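Asker: So you can see what is in the structure, the chains are spelled out below.
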Amino acid sequence: MIDVRRDFPQLRRRIKGKPLVYLDSAATSLKPRQVIKKEQEYYTRYCANVFRGIYRTSEEATEEFENARTKVAAFIGAKESSEVIFTRNTSESINLVASSMKKTDEVVVTIMEHHSNFVPWQQLAKLKVWKLGEDGRLDIGELETLITRKTRLLAITAVSNVLGTISPIRHICRIVKKINPNCLVLVDAAQAAPHMKINVQDWGVDFVAFSSHKMLGPTGVGVLWGRRELLEQLPPYQYGGEMIKEVHVDRTIFADLPHKFEAGTPHIAGVIGLGAAVDYLQFLGMGAVRKHEIEITDYALNALKSVKGVTMYGPPHSKDRGGVIAFTLKGIHAHDIAQLLDEDNVCIRAGHHCAMPLHEYLKIPATARASFYVYTTRQDIDALVIGLEKIKKIFQ
Amino acid sequence: MDIYREAILDHYKHPRNFGHLKKPDIVMEEGNVTCGDRIVMEIKFKVGIEDIRFSGEGCAISQASASMLTEKVKGMNKVQVKKLSRKDIEDMLGTSLTPSRVKCATLPLEVLQKAMVSLKP
Chain A
288 MIDVRRDFPQ LRRRIKGKPL VYLDSAATSL KPRQVIKKEQ EYYTRYCANV FRGIYRTSEE
348 ATEEFENART KVAAFIGAKE SSEVIFTRNT SESINLVASS MKKTDEVVVT IMEHHSNFVP
408 WQQLAKLKVW KLGEDGRLDI GELETLITRK TRLLAITAVS NVLGTISPIR HICRIVKKIN
468 PNCLVLVDAA QAAPHMKINV QDWGVDFVAF SSHKMLGPTG VGVLWGRREL LEQLPPYQYG
528 GEMIKEVHVD RTIFADLPHK FEAGTPHIAG VIGLGAAVDY LQFLGMGAVR KHEIEITDYA
588 LNALKSVKGV TMYGPPHSKD RGGVIAFTLK GIHAHDIAQL LDEDNVCIRA GHHCAMPLHE
648 YLKIPATARA SFYVYTTRQD IDALVIGLEK IKKIFQ
Chain B
4 MDIYREAILD HYKHPRNFGH LKKPDIVMEE GNVTCGDRIV MEIKFKVGIE DIRFSGEGCA
64 ISQASASMLT EKVKGMNKVQ VKKLSRKDIE DMLGTSLTPS RVKCATLPLE VLQKAMVSLK
124 P
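Chains A and B supply the protein sequences, listed in that same order. Those letters in the first sequence? Residues 288 to 683, by the working numbering. Those letters in the second sequence? Residues 4 to 124, by the working numbering.
Since the hints were derived computationally from the structure, they do not count as laboratory data. Be aware that one or more of the hints could be misleading.
[Claimed, not checked] In silico DSBU-like cross-links for lysine-lysine, where the CA-CA straight-line distance does not exceed 30 Å:
#, chain 1, residue 1, chain 2, residue 2
1, A, K303, B, K90
2, B, K16, A, K650
3, B, K117, A, K650
4, B, K117, B, K106
[As the list claims (entries may be wrong)] Pulled from the structure, derived: some chain A residues nowhere near chain B, Cβ distances all over 12 Å:
#, residue
5, Q297
6, G364
7, S369
8, V416
9, L544
10, G574
11, D585
Since this is a predicted model, take the numbers as computed values, not measurements. Don't be surprised by glycine CBs; every beta carbon is placed ideally from N, CA and C.
Excised from the complex, chain B in its bound form:
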């Protein structure tokens, strides 16, 4: 199954930007109780995302998606992050998602977009 292709497993086993920031400007956490997934995003933000870390636990899809997303969004501003969609996540993962796994893959994006909303205008 291509959902467990090499790149996804690589990000799951060796997550990028995993851990914590010293003085993050935003911390946002979101869980998916049905699966027991949990993602925390810590962000340094000025005009755009300067630095980002994630932590949490979950299935390979949610963790790999979070790892890839942190790489993708560095340097992006608020509007650009808000524009990201499920389609972008699928392109990023390089696979289409079955209905039961959409939630896993889009949870990290949800957390990130919530973080952007929480920013003062």
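Isolated chain A, as found in the complex:
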């Protein structure tokens, strides 16, 4: 892949005279100048509310806003752009679907879900949990017993934000639908959409949720894709401005898709910025993005293997996992690792990464996590390894 680092202004920053080693892209990605510029363009050239003004700048803003929707739809292989709903983040996208559940509805989730794809179902439906096999992967055979004719929905992550495990969504969805054609499938693609080509129709699923800020776009924007006929059946999630056709004293007629689910003035600049992020990723090519991820993950798996005392979690081969590695260092707590790495501007995450059920299941209180993206280099990984060796010496 071409060298993209010069496109990311934050990578030029020096702290205490030293460069930044950003290994926390699973939490949020850095932003390229193309995205920042596009967002700024809205604020400086056509700042106006969307869908209202009969004047040029408002029409420009509306056009840019809807263009972004079209871009996102094409990016994920949606049949039509009105199936793309803009939300605040992945959590809100999932809550939108979960809010239509009844307490008696049976929902199956995997043990490796992020809290955003766990807690909403736990609160609003009846939860059944799909455990992991020894190798950190899902045992597809379990579906036969988990999915019953009563199951309302399967909520599953395409890529685990801790283990990196890639779920074979297409395969899983086929089996689920064979057992129970009425069982819906919702995919948390927060860690997948930024890193690999996804095609919602090819997957055969019903809902897909992801966030702009993990895929080079602005924070504060999420996406929910759903099949048209299902979205039409779902009740509105919030009520208010922009989601209506007609309002009378005694009744309201709601807007058509997608606006039925977009109450209130949206994050206009953020959505337009997301459009630019999609352009940027399309320019790189998702094949090249994934190839780089496999290469850098492979390098990191080998490099961390050489550090004595390191235990890594998740599938052993880079082709089976996303660009995220959770690990522990013998005798040293993840928080101490993260804080000491910060001395050399090496940014990693420490804790349970919003996946407490998974950590409980693995019987580890906390892990350190390094995660990668298009701008991650071998030098970044080397800096992590040097840092870990330094920490071991301090704790010796």
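With chain A fixed as given, assemble chain B onto it according to the hints.
Answerer: Frame of chain A; chain B shown alone:
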């Protein structure tokens, strides 16, 4: 970074008063789920803290803080323990705390103060 200065690492590697008491008057446990830290305090108490042990697991900051605290509070009465503050913990550790680490450092004190509250008046 002075948060990992010699004294802290020494207490982490060689914790003082670590373990259990035979017949403690109070046992109090508190965890910080976010970090996976857990501290148990066992105390012999008459008019003040006669003896104290701690156990649990966690990062260097929480473990060192617990170790130092057990040394500091021996002989203190209920009122004196209740008066201890975050500032006292920082002075004891000899370092200031970044916002993300305050919880780690003050967890042992929280456990101890809870133990004092549980004492019958």
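Asker: Is the claim that A:D585 lies outside the interface with chain B correct, judged by CB distances over 12 Å?
Answerer: 29 Å, holds
Asker: For the pair we were handed, B:K117 and B:K106, check the Cα-Cα distance against 30 Å.
Answerer: With Cα atoms ~15 Å apart, B:K117 and B:K106 stay inside 30 Å; holds.
Asker: Please check whether the beta-carbon of A:L544 is more than 12 Å away from every beta-carbon in chain B.
Answerer: The claim stands: A:L544 keeps its Cβ more than 12 Å from every Cβ of chain B (closest is about 39 Å).
Asker: Checking the smallest CB distance to chain B, is A:V416 really beyond 12 Å?
Answerer: The assertion about A:V416 holds, with a minimum of 19 Å to chain B.
Asker: Could you grab the alpha-carbon distance between A:K303 and B:K90 and see if it respects the 30 Å cut-off?
Answerer: Given that 30 Å is the threshold and the Cα spacing comes to 28 Å, the pair holds.
Asker: Over 12 Å from every CB of chain B: does A:G574 meet that, or does the non-interface label fail?
Answerer: About 38 Å separates A:G574 from the closest Cβ of chain B, which puts it past 12 Å; holds.
Asker: Under the criterion that the straight-line Cα-Cα distance not exceed 30 Å, is the pair B:K117, A:K650 satisfied?
Answerer: 27 Å, holds
Asker: If I take the minimum Cβ distance from A:Q297 to any residue of chain B, is it greater than 12 Å?
Answerer: A:Q297 is indeed farther than 12 Å from all Cβ atoms of chain B, at 20 Å.
Asker: Hey, does A:S369 actually stay past 12 Å from chain B on C-beta?
Answerer: Fine: 40 Å to the nearest Cβ keeps A:S369 off the interface.
Asker: Assess, step by step, whether the Cα of B:K16 is no farther than 30 Å from the Cα of A:K650, and give holds or violated.
Answerer: 23 Å, holds
Asker: When you look at the beta carbon of A:G364, is every beta carbon of chain B farther off than 12 Å?
Answerer: Label holds. Min Cβ-Cβ 38 Å, cutoff 12 Å.
Against the hints set out earlier in the document, no violation occurs for any number.
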